[in-house]
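Number of protein chains: 2
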Amino acid sequence: MRLQSIIQNIREKNSFLCVGLDSDLDRLPISFNKDLNGIVDFNKAIIDATADYCVAYKINTAFYERYGSKGWKALEKTRKLLPKTHFLIADAKRGDIGNTASQYAEAFFNHLNFDAVTVAPYMGRDSIDPFLSYKGKWAIVLGITSNPGSADFQKVPTVDGLKVYEKVMEKAVLWGSADQMMFVCGATQSEELSRARAIAPQHFFLVPGIGHQGGSLKEVGERCLNDNVGVLVNSSRGIIFASSGRDFQEAAAKKAADLSNQMAAYL
Amino acid sequence: MRLQSIIQNIREKNSFLCVGLDSDLDRLPISFNKDLNGIVDFNKAIIDATADYCVAYKINTAFYERYGSKGWKALEKTRKLLPKTHFLIADAKRGDIGNTASQYAEAFFNHLNFDAVTVAPYMGRDSIDPFLSYKGKWAIVLGITSNPGSADFQKVPTVDGLKVYEKVMEKAVLWGSADQMMFVCGATQSEELSRARAIAPQHFFLVPGIGHQGGSLKEVGERCLNDNVGVLVNSSRGIIFASSGRDFQEAAAKKAADLSNQMAAYL
Numbered sequence: 004m005r006l007q008s009i010i011q012n013i014r015e016k017n018s019f020l021c022v023g024l025d026s027d028l029d030r031l032p033i034s035f036n037k038d039l040n041g042i043v044d045f046n047k048a049i050i051d052a053t054a055d056y057c058v059a060y061k062i063n064t065a066f067y068e069r070y071g072s073k074g075w076k077a078l079e080k081t082r083k084l085l086p087k088t089h090f091l092i093a094d095a096k097r098g099d100i101g102n103t104a105s106q107y108a109e110a111f112f113n114h115l116n117f118d119a120v121t122v123a124p125y126m127g128r129d130s131i132d133p134f135l136s137y138k139g140k141w142a143i144v145l146g147i148t149s150n151p152g153s154a155d156f157q158k159v160p161t162v163d164g165l166k167v168y169e170k171v172m173e174k175a176v177l178w179g180s181a182d183q184m185m186f187v188c189g190a191t192q193s194e195e196l197s198r199a200r201a202i203a204p205q206h207f208f209l210v211p212g213i214g215h216q217g218g219s220l221k222e223v224g225e226r227c228l229n230d231n232v233g234v235l236v237n238s239s240r241g242i243i244f245a246s247s248g249r250d251f252q253e254a255a256a257k258k259a260a261d262l263s264n265q266m267a268a269y270l
Numbered sequence: 004m005r006l007q008s009i010i011q012n013i014r015e016k017n018s019f020l021c022v023g024l025d026s027d028l029d030r031l032p033i034s035f036n037k038d039l040n041g042i043v044d045f046n047k048a049i050i051d052a053t054a055d056y057c058v059a060y061k062i063n064t065a066f067y068e069r070y071g072s073k074g075w076k077a078l079e080k081t082r083k084l085l086p087k088t089h090f091l092i093a094d095a096k097r098g099d100i101g102n103t104a105s106q107y108a109e110a111f112f113n114h115l116n117f118d119a120v121t122v123a124p125y126m127g128r129d130s131i132d133p134f135l136s137y138k139g140k141w142a143i144v145l146g147i148t149s150n151p152g153s154a155d156f157q158k159v160p161t162v163d164g165l166k167v168y169e170k171v172m173e174k175a176v177l178w179g180s181a182d183q184m185m186f187v188c189g190a191t192q193s194e195e196l197s198r199a200r201a202i203a204p205q206h207f208f209l210v211p212g213i214g215h216q217g218g219s220l221k222e223v224g225e226r227c228l229n230d231n232v233g234v235l236v237n238s239s240r241g242i243i244f245a246s247s248g249r250d251f252q253e254a255a256a257k258k259a260a261d262l263s264n265q266m267a268a269y270l
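Residue numbers (the working numbering), protein chains in the order written: chain Z, 4 to 270; chain P, 4 to 270.
I should point out that these hints are in silico values taken from the structure, not numbers from a laboratory. These numbers were taken from a predicted model, which means no experiment stands behind them.
All copies of an identical chain are treated as equivalent in the list; a pair is satisfied when it fits inside any one copy or across any two copies.
Quick list of in silico lysine-lysine cross-link-like pairs, DSBU-like style, CA-CA up to 30 Å:
| # | residue 1 | residue 2 |
| --- | --- | --- |
| 1 | Lys-37 | Lys-140 |
| 2 | Lys-37 | Lys-138 |
| 3 | Lys-174 | Lys-158 |
| 4 | Lys-47 | Lys-73 |
| 5 | Lys-158 | Lys-170 |
| 6 | Lys-37 | Lys-73 |
| 7 | Lys-76 | Lys-47 |
Given the sequences, and given the hints that come with them, work out the whole structure.
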């Protein structure tokens, strides 16, 4: 999907919401089979309930991979249920040397036809480059993540006054333009969000961490938006597991609509 | 597999060789079907040819994942072919927040029953911890990798005089002991190998990068060995694609035996 289409979808829907399908089998509502078909059926119900309120879907590959080839089959089935109108992200956080990264790019861009893959930057440029050679596809590079462990290495100060995550973003913006690269920047990182935006003024940020992890939409709205919106905010558990009862679809739709309404204030 | 078993296997075989099954379908010898069954048959032939000369096998998940659920099925079949006598590594380089990392740990330790998984450290402690809670299982954390991109972030100097990869290793040795954690340290990084060993004197290093990538076994032998051997050296393409003809099995066995003989000199 092209940058202009992403922006246009956001403007038309007045929403920059991404719904995350972290579909943990152990947490499916009571009405679903506790198996991989149950996950796919649940995903379909969640997609139906939320598609009007979001512009993107993000699949967390781990929750499928946990079950090996059968889990990957459920991932493939879920991918086919996702609407073409939405920006589709494989949250896989892959990262390896060039010839191996190329294989991962083939898996997610070609075999599964996602628009974007999240990519871990630790191994440097040749681990990211293979994801940048597909037209209309995106590498979403980890910048400053939402979890407590982000303090361990990402925030370590380097000799030239920048933290490690700032070095990552500063170099990465030279490798991938704003129409092929985004950054993961966690909503829990209030101060760092402004620094990240200063380093990458044009690039979109994929922002996890609101809801369950404690980040606020207000911080993101105030610190991250740019002239092209520049932000996709993800919510996973807060939406898809809003209720474990028979009303889970209404509850998910309501949560998505609420977030979308809050987002409209910043657009 | 326990640390003592790894060391004992190395002493008995006089070899610290790990054979990497980066079984690229496009490079299979002419006698194999160019499909996923061909990959599994090829892996079986390679395992039969090399098992006597190595103590570990490493599966590069990307070369299977490229084909989605069918590729993962081939990975599962290959896993079942691997001998229990060997240390079995999933080279997956996963890394995500705690609840997601737990899913990956389940995939590789429980579903696939590997002994070890390679793990990317960028997201910090809570992305590594879930891999350390399985008895007899191992997290192999990326330290200083073999590829050119290792210069981009891993070698960035931090304010306290250590490079980023040294900070990673310095912290990680406090999180995982030498009987549950190893580090990836590339053979191409001659000077850094000594620094890495100084920071983690007790931990095993998984060393890629000899052969195709240009690293030397001599450097590794001189800079990395410790009292408990402390090193597994991986070779993938150099062994499994030593010949593309009908003699590929003999060629692979010969390459593995050659490396194993060179290793014996350091034991």
